[in-house]
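Chains A and B supply the protein sequences, listed in that same order.
Here our numbering is used: the first residue of the first sequence is 1, the next is one more, and so on.
Here our numbering is used: the first residue of the second sequence is 216, the next is one more, and so on.
Please keep in mind that the hints were generated in silico from the structure rather than gathered at the bench.
Ideal Cβ placement from N, Cα and C applies to all residues, glycine included.
Be aware that a few hints might be false.
Only some residues are given here: those of chain A computed to face chain B with a beta carbon under 7 Å [unchecked claim]:
id: 1; residue: 30
id: 2; residue: 31
id: 3; residue: 66
Only some residues are given here: those of chain B computed to face chain A with a beta carbon under 10 Å [what the hints assert, rightly or not]:
id: 4; residue: 379
id: 5; residue: 441
id: 6; residue: 541
id: 7; residue: 543
id: 8; residue: 726
Computed beta-carbon distance windows for the label pairs [unchecked claim]:
id: 9; chain 1: A; residue 1: 100; chain 2: B; residue 2: 731; range: 55 to 65 Å
id: 10; chain 1: A; residue 1: 152; chain 2: B; residue 2: 641; range: 49 to 59 Å
id: 11; chain 1: A; residue 1: 70; chain 2: B; residue 2: 679; range: 47 to 57 Å
id: 12; chain 1: B; residue 1: 657; chain 2: A; residue 2: 178; range: 45 to 55 Å
id: 13; chain 1: A; residue 1: 98; chain 2: B; residue 2: 701; range: 26 to 36 Å
id: 14; chain 1: B; residue 1: 302; chain 2: A; residue 2: 70; range: 37 to 47 Å
id: 15; chain 1: A; residue 1: 33; chain 2: B; residue 2: 577; range: 31 to 41 Å
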Amino acid sequence: MDIIENNVDEQHDSTQHYEVLQELGDCYTSVGNYTQAQQYYEKAAVLSPDEAGPYVGLGVVALQKDLLDDAEIAFRVACRLDANCAKAYAGFAMIAQERADYKRAFEMYLKSLELDTDNLIALLGLFQASCQMGSFAQVTHYLEMYLNMHPGDISVMFPLAALYMKDGRFEESKKILLDLLSLDENHKDAANLLEEAEHSLAQAKQGTQTGARML
Amino acid sequence: MSDIPGMSENYESAPKSNEAPLWSKKKAGPVVTVLVPTFNRRRYLAGALASVVRQSYRNLQIIVINDGGEDVSDIVNSFGDERLMFIDRKENRGKAHSLNEALSRAKGKYVAYLDDDDLYYPNHIETLVDALENKSDCQVAYSDLYKVYCKVCPDGSRKVLSKVVEISRDFDRFFMLYYNHVLHVSLMHRKDLLEKTGLYNEDINVLIDWDMTRRLVFFSDFHHVPEITGEFYQPDGDCDRISVQCRKKEKEYTRNILTIRTTRPAKPWTKLGDMSIIFITERLNKQAGTTLGSIWQRTFYPYEVYMPLPTADFEKLDTDMPNIIPVLVNPLFSGAERIDAALARCEGEYIAIVPSGFPMREFWVEDSLHALVNSSVNNEGFELEDSTDRLWAVVVRKNDLQYARRRFPNLSVRESLNASGIVIRRLQPEEIPFQFDQLLEKARSAEKNGNWSKAAEMFEYITAHHENELWMKTLAAKASFRAGGHIRAAELSREVNRQRPTVDTLLLEAKVKREEKDFNSAIKLLEKAEQILEGKELQWT
């Protein structure tokens with residue numbers, strides 16, 4: 001097949017088929033059809049053996065099937081192919097969480113977020129692990145960063161508001177909750193927390209006024 | 216990962232000629248001769264032939280020509296199809312020779328081509344016959360093809376990495392003279408056109424396809440069917456191909472290009488006017504030689520150079536340049552008299568007058584010639600873009616120049632044109648040729664630089680203001696997605712997919728559906744894309 005252009009060394013996009021297979025795997029995972037998802041991830045892995053994506057997918061499928069050892073192997077392969085694979089670290093964290101190893105889960109979520117601050121699953125996992133461990137020191141920072149990148153993400157707004165409340169940052173908590181309720185007025189937990197925040201603010205104000213009068 | 220269906224050894228399952236499938240009951244159309252030259256590609260020939268034998272259009276003569284390669288007779292014979300003719304030449308004589316040999320046995324009204332590692336979809340021939348018989352007056356038609364990037368496994372099987380419609384351009388005669396925008400495997404033409412164009416040129420070793428399509432544009436318009444009816448293969452990192460190797464020999468490649476550009480089929484040309492270049496020089500010196508050489512290098516429109524020179528100068532003329540017509544003149548002749556002497560001999564409908572030393576850039580004459588060819592205004596000519604008072608150059612219709620010289624033979628050429636009311640003007644920006652291609656190049660350059668927003672904007676502009684809508688929309692969709700305009704990318708992809716789904720646009724639309732959490736719609740789109748990638752289009756329905 002001849003064309004006239006003499007650019008015989010031109011690069012081309014060779015990832016199209018891989019992308020289709022990987023997307024199919026991800027979509028089937030999302031609708032809970034793990035058998036189909038696994039088939040497509042396996043095809044993707046054969047076609048592009050150097051890509052970490054299919055192994056992350058296979059790890060997620062194994063996790064869903066509660067095959068923790070298989071999942072760990074798949075995430076390890078993904079990490080070997082891509083040492084900075086944030087999703088694989090999130091996968092390790094989920095496995096650790098399943099095994100009630102909250103400290104390791106926390107570390108792995110943190111590692112995942114260091115590599116990709118945009119990873120919502122790792123962020124919420126970190127929050128969950130923090131709750132399980134009773135330690136919230138590093139979570140607020142990541143939640144704030146994520147919300148800056150994704151303003152209006154309800155799934156992050158609520159935990160952040162809750163953390164603000166816990167730290168006594170009622171005004172900031174109230175602001176986020178009001179924003180959240182303007183996006184989802186039926187969010188009952190947010191409405192309840194808002195009530196609590198307003199109550200705390202009122203109490204704090206009253207305390208200030210009392211103090212002032214005493215002075 | 217399976218091999219591409221139709222590519223492996225299962226070709227024995229192709230319908231045999233003594234079977235009576237449904238499609239054979241269709242009314243027989245004209246015979247189409249399909250030429251399949253082959254050279255040392257046993258692994259893929261079976262798939263290629265299966266894709267021809269399985270065509271929905273049955274009235275075929277299929278000629279397989281082995282160009283001195285390894286024996287493939289067992290593959291050809293295994294089809295048991297009486298429509299197949301096999302020329303088993305033991306000596307390697309090249310593709311052009313193979314095609315000519317096959318053409319000498321062709322009986323079809325139409326001719327189509329298939330390389331031994333490429334594939335037709337089952338509707339390929341039917342689509343093109345329908346276009347030529349029922350949808351246009353053209354004698355040449357072409358469709359679109361997927362370019363398949365693939366990885367060749369140690370066992371020779373091919374894993375598909377991507378399928379992309381890299382070109383889907385409506386026919387542009389002027390552009391075809393400059394650049395081949397029609398893939399030969401997608402081409403079908405009347406066989407009797409070859410009586411006018413001549414056969415394949417066996418003296419060139421690359422671009423033999425373009426050499427033929429370029430000659431076809433002298434005699435016919437081309438009808439573009441923007442449907443994908445086949446695929447051709449580009450193995451990943453394959454530098455062993457003959458065509459690739461030949462292109463890397465720069466000198467040889469240039470020789471081929473110049474041979475193709477200077478090839479002039481026998482007249483009359485029904486679709487193209489000839490151009491005569493009258494080259495004006497006082498004497499044959501180094502500068503004249505350089506200008507002549509540049510004309511040869513830079514001119515892609517068909518031309519002949521008329522050189523009015525005294526005998527003494529001609530004796531010094533030593534060049535391989537083709538298409539030079541000597542016009543012997545009296546050494547005492549003025550410039551105008553020399554032009555008149557040449558004009559009396561010129562055969563072209565268009566005359567370019569060019570002085571020695573005139574600067575030659577790409578499109579030096581074609582810019583203005585394109586405007587002249589497309590001008591509906593009589594009595595109009597164009598001063599070339601780089602023309603000056605000292606180096607005055609012009610392109611005009613021969614009739615106009617003859618009229619001016621007859622009326623005012625004693626004036627200079629410029630004055631006589633003016634006195635005769637022939638308006639010589641400069642090109643307007645909107646008259647510049649290849650505007651589509653220039654915009655496309657700029658958009659592609661923006662892509663290469665990672666400026667996806669700019670690229671998307673330009674592709675959308677081209678879509679709105681030029682032809683080749685499906686192709687441009689696809690590129691706009693891809694660039695929009697990369698620029699973060701996912702919703703726009705989905706809209707554009709959807710529009711393309713409604714008319715002619717491609718893997719690229721199906722994938723883009725699916726990605727956006729997934730982002731919207733509409734997973735079932737995404738799956739449908741992706742499965743369609745996967746079917747195309749897996750070659751389901753090749754399977755018999």
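Quick rundown of the hints versus the structure:
no., hint, result
1, 30, "5 Å, holds"
2, 31, "5 Å, holds"
3, 66, "22 Å, violated"
4, 379, "7 Å, holds"
5, 441, "18 Å, violated"
6, 541, "32 Å, violated"
7, 543, "38 Å, violated"
8, 726, "7 Å, holds"
9, A/100 - B/731: 55 to 65 Å, "36 Å, violated"
10, A/152 - B/641: 49 to 59 Å, "57 Å, holds"
11, A/70 - B/679: 47 to 57 Å, "53 Å, holds"
12, B/657 - A/178: 45 to 55 Å, "48 Å, holds"
13, A/98 - B/701: 26 to 36 Å, "34 Å, holds"
14, B/302 - A/70: 37 to 47 Å, "57 Å, violated"
15, A/33 - B/577: 31 to 41 Å, "57 Å, violated"
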